[in-house]
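Chains as they are written, first to last, in the UniProt record's numbering: chain A, 1 to 114; chain B, 1 to 230.
Simulated from the structure, these hints should not be mistaken for lab results.
This structure is a prediction, so every number in the text was calculated from the model and none was measured.
A couple of the hints might just be wrong.
As the list claims (entries may be wrong) - With a Cα cut of at most 25 Å, we get these calculated DMTMM-like pairs of lysine to aspartate or glutamate: (1) B:K222 with A:D73; (2) B:K220 with A:D77; (3) B:K160 with A:D77; (4) B:K222 with B:E190; (5) B:K160 with A:D73; (6) B:K222 with B:E206; (7) B:K228 with A:D73; (8) B:K2 with B:E22; (9) B:K222 with B:D159; (10) A:K80 with B:E190; (11) B:K220 with B:D187; (12) B:K79 with B:D133; (13) A:K80 with B:D159; (14) A:K80 with B:D99; (15) B:K79 with B:E140; (16) B:K79 with B:D136; (17) B:K210 with B:D77; (18) B:K79 with B:D13; (19) B:K39 with B:D133; (20) B:K222 with B:D133; (21) B:K39 with B:D13; (22) B:K210 with B:E140; (23) B:K227 with B:D133; (24) B:K160 with B:D133; (25) B:K227 with B:E190; (26) B:K210 with B:D136; (27) B:K220 with B:D133; (28) B:K210 with B:D33; (29) B:K220 with A:D73; (30) B:K79 with B:D118; (31) B:K227 with A:E41; (32) B:K222 with A:E41.
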Amino acid sequence: MSRQASGFRAWVLQRISAVYLGVYLVYLLGFIAIEPPQSFEAWRTWMAHPVVSFTLLLFFVSLFVHAWVGVRDVVLDYVKPYLLRVLVLSVFAFGLIGSGLWVAKVIFLAGQTV
Amino acid sequence: MKFIVFRYNPDVDATLRMQEYEVAASRGMMLRDALMEIKRQDETFSFRHSCGEGVCGSDGVNVNGTNLLGCITRVSDLKEPVTVRPLPGRPVVRDLVVDMSQFYQQYRAVRPYLIRRDPLPEQEILQSPGERDQLDGLYECIMCGCCSTACPSFWWNPDKFHGPQALLQAWRFLADSRDQATDERLDALEGPYRLFRCHTIMNCVEVCPKHLNPTVAIGKIKELMLKKAI
Numbered sequence: 001m002s003r004q005a006s007g008f009r010a011w012v013l014q015r016i017s018a019v020y021l022g023v024y025l026v027y028l029l030g031f032i033a034i035e036p037p038q039s040f041e042a043w044r045t046w047m048a049h050p051v052v053s054f055t056l057l058l059f060f061v062s063l064f065v066h067a068w069v070g071v072r073d074v075v076l077d078y079v080k081p082y083l084l085r086v087l088v089l090s091v092f093a094f095g096l097i098g099s100g101l102w103v104a105k106v107i108f109l110a111g112q113t114v
Numbered sequence: 001m002k003f004i005v006f007r008y009n010p011d012v013d014a015t016l017r018m019q020e021y022e023v024a025a026s027r028g029m030m031l032r033d034a035l036m037e038i039k040r041q042d043e044t045f046s047f048r049h050s051c052g053e054g055v056c057g058s059d060g061v062n063v064n065g066t067n068l069l070g071c072i073t074r075v076s077d078l079k080e081p082v083t084v085r086p087l088p089g090r091p092v093v094r095d096l097v098v099d100m101s102q103f104y105q106q107y108r109a110v111r112p113y114l115i116r117r118d119p120l121p122e123q124e125i126l127q128s129p130g131e132r133d134q135l136d137g138l139y140e141c142i143m144c145g146c147c148s149t150a151c152p153s154f155w156w157n158p159d160k161f162h163g164p165q166a167l168l169q170a171w172r173f174l175a176d177s178r179d180q181a182t183d184e185r186l187d188a189l190e191g192p193y194r195l196f197r198c199h200t201i202m203n204c205v206e207v208c209p210k211h212l213n214p215t216v217a218i219g220k221i222k223e224l225m226l227k228k229a230i
């Protein structure tokens with residue numbers, strides 16, 4: 001996070017990601033409710049579709065960006081000791097980046113093997 | 001009526017205590033009148049008050065968990081026993097008197113005065129009625145501190161977060177057609193703390209004795225930032 005733009009930019013990112021998360025979640029829930037894939041293969045075929053894999057990847061990127069801003073807000077409010085703050089933020093940063101890479105791997109592999 | 005009042009005198013007391021008083025409520029009695037009656041019963045009791053009509057903003061106190069002005073609150077509207085505490089989160093000077101220095105520092109930080117780049121005209125700087133209307137709901141703030149001391153974000157970061165009162169005033173000058181320092185003012189609000197610790201909890205709106213809305217003002221500041229950014 002850059003020191004200068006960390007207020008306004010974080011706020012904008014949180015709002016934009018929230019809109020995408022909201023819209024996409026409605027689509028995802030609708031999809032699962034109306035015609036859920038019946039088998040592992042069907043799931044993989046669905047995820048391998050370029051539009052789905054791209055929008056799904058964007059969904060998780062939005063989710064992690066949104067989560068990062070939220071966690072950072074909580075830490076800024078409640079975690080005062082400097083070292084503890086660095087530690088907590090680092091744990092979440094690594095966790096979110098790791099989760100992001102893992103999600104990317106899952107989505108790309110679904111596309112590769114079909 | 002039974003009043004339970006926060007008492008603490010740092011010169012004498014090791015710790016705070018809650019003291020009970022019995023006050024005979026009269027018709028139309030305001031909380032400030034009750035506090036003055038308590039003061040008559042016990043002259044060691046301290047509290048701030050001045051105008052007695054909701055203009056000076058001196059007698060902000062926390063009553064049954066809500067910040068309000070003693071002078072414009074009828075005791076008949078309060079639930080017994082009436083618990084009176086100082087405004088939350090502020091260092092107690094004595095009894096209901098709190099140290100508002102940080103609150104004033106945050107106010108000072110938003111530069112609450114007109115800044116002009118153009119040479120000043122001979123007479124007043126004119127405004128259209130429409131431009132003047134933009135200041136309604138903003139200029140009426142009496143700085144009683146009820147809002148900022150009800151704000152959890154201000155409790156956690158009173159040294160860094162401006163708080164609802166100062167941010168309402170920041171918007172009051174951003175919204176003023178006569179002010180010419182919009183960019184500077186917006187730049188000064190950047191960073192994760194000064195403006196963006198507001199999480200729209202809206203305690204400020206709920207308690208403001210003047211029925212002002214700092215949350216809307218804060219939203220307008222963010223909107224203006226967005227407009228300037230794209």
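Hint check, failures only: 12, 15, 16, 18, 19, 24, 30, 31, 32
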